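Visitor: Model the placement of chain B on the given structure of chain A, informed by the hints.
The lines below spell out each chain.
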Amino acid sequence: MNLTLRVWRQKNSTSQGTFIEYEADDISPDTSFLEMLDIVNEGLIKRGEDPVAFDHDCREGICGTCGMVINGIAHGPLGATTTCQLHMRHFKDGQLITIEPWRARPFPVIKDLVVDRSAFDRVIQAGGYISARTGGTPDGNTIQISKPDADLAMDAAACIGCGACVAACKNASAMLFVAAKVSHLNILPQGKPEKDRRVVNMVRAMDEEGFGNCTVMGSCEAVCPKEISLDFISRMNRDYLGALWRSR
Amino acid sequence: MKLDAKIPSGPLAQKWSKHRHDIKLINPANKRKFDVIVVGSGLAGGSAAATLSELGYKVECFCFQDSPRRAHSIAAQGGINAAKNYQNDGDSVYRLFYDTIKGGDFRSREANVYRLAEVSVNIIDQCVAQGVPFAREYSGYLANRSFGGAQVSRTFYARGQTGQQLLLGAYQALAKQIEAGGVKMYPRTEMLDLVLINGQAKGIVVRDLVTGEISSHAADAVVLATGGYGNVFFLSTNAKGCNVTAIWRAYKRGALMANPCFTQIHPTCIPVTGEHQSKLTLMSESLRNDGRVWVPKTKGDNRPPNEIPKEERDYFLERKYPAYGNLAPRDISSRAAKEVCDEGRGVGPGGRGVYLDFADAIERLGLNVIRERYGNLFEMYERITGEDAYKIPMRIYPASHYTMGGLWVDYNLMSNIPGLYVIGEANFSDHGANRLGASALMQGLADGYFILPYTIGDYFAAERPAKPSVDDPEFKKVESEVAERTKKLLSIRGRRTVTEFHRELGKLMWDKCGMARNEAGLKEALDTIPAMRREFWEDLNVLGDGNELNQSLEYAGRVADFMEFAELVVYDALTRDESSGAHFREEHQTPDGEARRDDERFSYVSAWEYQGVDQRPILHKEPLVYEEVHLAQRSYK
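Chain order of the listed sequences is A and B. Here the first sequence stands for residues 1 to 248, where the numbers follow this note's numbering. Here the second sequence stands for residues 1 to 637, where the numbers follow this note's numbering.
Source of the hints: derived by calculation from the structure; they are not laboratory data. Treat the hints with caution; some may be incorrect.
Derived DSSO-like pairs (lysine-lysine); straight-line CA-CA distance at most 27 Å [stated by the list, open to error]: (1) B:K523 <-> B:K252; (2) B:K252 <-> B:K467; (3) A:K11 <-> A:K170; (4) B:K477 <-> B:K252; (5) B:K621 <-> B:K102; (6) B:K507 <-> A:K46; (7) B:K488 <-> A:K11; (8) B:K487 <-> B:K252; (9) B:K310 <-> B:K299; (10) B:K477 <-> A:K11; (11) A:K46 <-> B:K487; (12) B:K18 <-> B:K102; (13) A:K46 <-> B:K488; (14) B:K621 <-> B:K252; (15) B:K299 <-> B:K6.
Coverage of chain A stretches by chain B, computed from C-beta distances (three or more under 8 Å per stretch; other residues unrestricted) [as the list claims (entries may be wrong)]: (16) 44-55; (17) 93-106; (18) 115-125; (19) 130-144; (20) 188-198.
Note that this is a predicted model, so its numbers are computed, not measured. Backbone N, C-alpha and C define an ideal beta-carbon position, used for all residues, glycine too.
For reference, chain B alone in the conformation it holds in the complex:
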């Protein structure tokens, strides 16, 4: 299979505008003859569905939540990057582009990333127009703050709830289109399979989560905006419902999965307290602007943090990365925290934690300033831990957060299956081996508002409206497969619950394929996962039946897919015999413990092709060609 990324020719800075002019247009009267299915209603899906409808396409939008307003984009706290240079601190489209490429450890496409930086400025304008209440200076102008992996202040924010406000902006735009009749919304409806007709994506099979009814929906194109797969680790900062099912089903129908091993571990999460833990809570990275990260210098120092004198503390990020200090990128900060905990210098129960200390910032800026900046985060911390972080330092530890991998897409955000588009976190496109803070919101909205609505027209211009009937035998076949699978999950009636299996899989993935990986551990995981999967299908216990609201059944379907997907993540991690960004192979590190890339052998996107359960998938490689930037050892020292 030849992977063609369809990157436009010409100088980097002109590729997108040239491409936009080259894209064929569709007559407004013809747009309404095209039907588009959008699965997911977060920043990417919500903004895409609203914009496609504004353009005149007929849209059906699906989400498993009870309302499109609840997608997990809502939980993003810190902010959204844009190269506005409002602070006059030397920012530019090129600098945002370069920071993102470098932050991704030179494993992303130049052309995609440049376009992302370019449209970042439009996103802010769009969101302001929609009434997103971004933070303002007293002058009335927009305020900015700095964020990990950057030396300029380019992050726009709405208190600690930026994701919420951006999502509500997209949700409200979507609501307007629903009211106008341009979008038909299907909440509490989960996509369970993709339907291809003559090799083109033409529809989906869904389950109504309230009635259990399985039905088909047909369209001229299908857009997946179904988020990331961080819950493969069981404990993550993702919402409980986040899952891999939609993109995994598409993969099993022939879409290629790219870079699945690039999974980001976020450095500032509240540490695990015990077995009961159901999810991990993120403390916004913005806290690292003012908080200082440290552990005691000596192992086993159990004194309360306030009794440890300054000279006996190791501010390890400031020590190791003097230029970026506490703002070193996520992968680097996470590994540094793991390292000091592995040395036995971790703090809190179980020793898996480091301090994030605001004492100096409070002394410098006053309590009120800190309260104003981070009040809601401090409250959240207190709620969960029962501790007052204004008085004693927060304890933080890394946790699975974001997944850079996802379905392979070309420059037009179309997968290798014609008519199947993938946007937002669900695709692999822009963040390489590591995502910078405040860039997820940027990518979701860039894809949904400003990229897909253009590029999908190019596909339609070459096609006639050809929405098949849902009575087509292909739909019936997939529907019966979905029904069969549901029935099977319900008929096992074994001894173990879905949660038990998910927890077991997650622990294995975290231990063997988490923050650090090595060949022996990955091979062990490859042995273990198929056995675990067999046990899942033999000993799972899901009660109730399929024709009602059955949350265990929903969960079982998602974990069943994680059981297969996990193996692919491990294959990818094993094959990528280098360290890059968030993918840290212990065999490949510099003398001071940084990730050592191998550009000779691994400067490519891995794109996996499904061959069947228990079969090794086929690896395709899309070479990454750098014309503009010079590949360098990533340094934040």
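So that you can see chain A by itself, here it is in the shape it has in the complex:
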């Protein structure tokens, strides 16, 4: 396949960025999107041009490191897929592909397609955990958890923290990310003691980081590589209101 790429190039966080066009020729439909960029980068280096910087690591869809907006869609046109698991067979020969970084104020661009998502870490630090000191925990089977609850918690826990939800949201809201973690932990009996303070503190941290509000358009759910459901946002809102009510 031959493709034309329109790639966002930005030297660092303080400089202005711009789109630059590159040709990607002789690309096999079996290459992944990132492998296609690898090939383009090899060509750039050969020509003495700075290769395009992008974040990636596991390349099997689980670490959450990669992510770019491809033709206006976070992680590209195929649903429920990270950028690294998107393959070129889903594009057409001769297609123009526009590639941009996540665009959201809480995720400043570091270089080209690389953004700083440390805001997510700080939201987790505000309460996205169960305080269980190492050792001294009871036998695993003393805590029974119904299969539906365990499955639901796992559905929420599947979030990989890639940030596509924020990139897709017109408000740059992180509600889906935060709701996934709040729900995962609040559904489980082990998470109940810290339930109220968890949701209140995490929502506060999210606001402080500058993420926007949720207007329930569902763009986040549509691009989520792990298909985290919008229902978790309702669940978090309920937990949040309950927590405020109880803390009156």
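Guide: Leaving out everything else, chain B in the frame of chain A:
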């Protein structure tokens, strides 16, 4: 050099509890006077950093990823072993211990492995308490499944994302400690050297990957939890960033490297499709619970798999290993697949693949059960290959996956350098010549949650807090060496890219020092690698400069270390003139093609001491003494 593994005396089953009682304690008020550096934030590093901080130590934790949540532990799919015997199927600490020793082909330490089996049960309790959403039965109790190399069901799992969930558990524990101020986290920061003062590990030199700044960090002890070196093969199931640099730098400062030739090839990966391939994707071994592995009986049978009748298929694992069948351990399954492909019976493009067929399981259990068990893996397979494995069999082929070798450590997980601890995949400690499935997660968390936090106290109890200043001349010297090296990589401006060199090295290692090795091939590799390394330093092209985010530069530094490290792997493989576990020397096999150990000559841990680039390292041997188990020919028939 005398290698003292410091294994406690007494009966095997009581060694660890006795040792724990013998370890000196440190007053809580004094703990905060000790600083610990933890490099790496995966299962081992993350759990260690969190636990050390809970205990009161001051911790600095470093990772090259943008967040500690992204370490490669996250990619482990299948599960984690623990001797809980919840299934009442005859499991016990002793059986897990024995399976692991046998799985490792009797090349690991009894005392370490027994301790691992012992603390496995605590790990499950800890993770449940943290909210890891393990799979449950309808009763609400924890579910288990079976895994390669075991005849009991002792594997706990969270769908096909067990590594992710365990890592998030450790990451969240770490996040709590970061918030509490006990851990200072440095993401996007890569360790580039180790600093010794008076022979003790006292700090590291790092590069900030965003600004390029090179700086020093001092502490009372340094913990390396930097994972494995499988990317020496270029194509592997490891994340792209996985590298040998941290442990290689420590090796060059005097730490011993143990058993580097023990590299595990995983049998169930998606086959290579072409030159563009940047990494290989693992399909969880758990698939072998229900999938049947086969190839056509006749060479060159190009019919679509569904048109090949049962009697013309060779279910070679079931045929060769009737007791374990498709669940034979990884090294054995991998070699069996290579063998049938070498015979020309491989399937798919290039003939390097075998089928993993679910048709029988779907017929027996129904599509829904299979979907429930492995749905995400089938999806992943379809994404990569464009094929629907519910309808046509998956194609799989072995790929480099895990490295049993690593820095030498004693029973306390301390290397031969005082104050330098090594945990998780980065050390050599528990898996011998081959690791069993679902045991990597177990070891990472055992080291980080339950072993290191005890044993490090023993070291501190004998020391006063003596964190040096980063202005110490030794730090300045190492910093300038690191800066010099960075400058050198940037100044070559040759013709070839880092990827080209890495691919070339990886291919050589895979061909000559991969699934099967022989003397002639290894000697050839020893001739080739130094030449390749010279070319690397003469013809490499890294653009840009050092004071910015420069991914080519990061990569070049890692490949430069692989270029040296590869040679050590080959030395080790050549010296170990026997077959054991994943190390298969073609000269040493039983008449039916199994690995033939030579316990007389090779029942030892090889521990290599650095002598300089282009110099042959010195081999030290730690004899392996078996008091409890009887050495036997490993059989899964």
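Visitor: The segment 44-55 of chain A covered by chain B? Criterion: 3 or more residues, Cβ-Cβ distance below 8 Å.
Guide: Satisfied; 8 residues make the cut.
Visitor: Given that the segment 93-106 of chain A was listed as covered by chain B, double-check it with a C-beta distance under 8 Å for 3 or more residues.
Guide: violated (count 0)
Visitor: Straight-line Cα separation of B:K507 and A:K46 no greater than 27 Å?
Guide: With Cα atoms ~22 Å apart, B:K507 and A:K46 stay inside 27 Å; holds.
Visitor: Holds or violated: B:K487 with B:K252, Cα cutoff 27 Å?
Guide: Status holds; Cα separation ~20 Å.
Visitor: Check the hint pairing A:K46 with B:K487 against an upper bound of 27 Å on the C-alpha distance.
Guide: holds, 20 Å
Visitor: Under the criterion that the straight-line Cα-Cα distance not exceed 27 Å, is the pair B:K252, B:K467 satisfied?
Guide: It holds: about 22 Å lies between the C-alpha atoms, which stays within 27 Å.
Visitor: Just to be careful, I want the Cα atoms of B:K621 and B:K102 compared with a cutoff of 27 Å; is the pair within it?
Guide: holds, 21 Å
Visitor: Do three or more residues from the segment 130-144 of chain A put their C-beta atoms closer than 8 Å to C-beta atoms of chain B?
Guide: It holds, with 13 qualifying residues against the three required.
Visitor: Does B:K488 lie within 27 Å of A:K46 when you go C-alpha to C-alpha?
Guide: Holds. A:K46 to B:K488 sits at ~19 Å (cutoff 27 Å).
Visitor: Would the hint linking B:K488 and A:K11 be met if the CA-CA limit is 27 Å?
Guide: Holds - the C-alpha atoms of A:K11 and B:K488 are around 23 Å apart, at most 27 Å.
Visitor: Quick one, are B:K621 and B:K252 close enough, alpha carbons at most 27 Å?
Guide: holds, 19 Å
Visitor: Is the straight-line distance between the alpha-carbon of B:K299 and that of B:K6 27 Å or less?
Guide: violated, 54 Å
Violated hints for the displayed structure, listed by number in ascending order: 10, 15 and 17.
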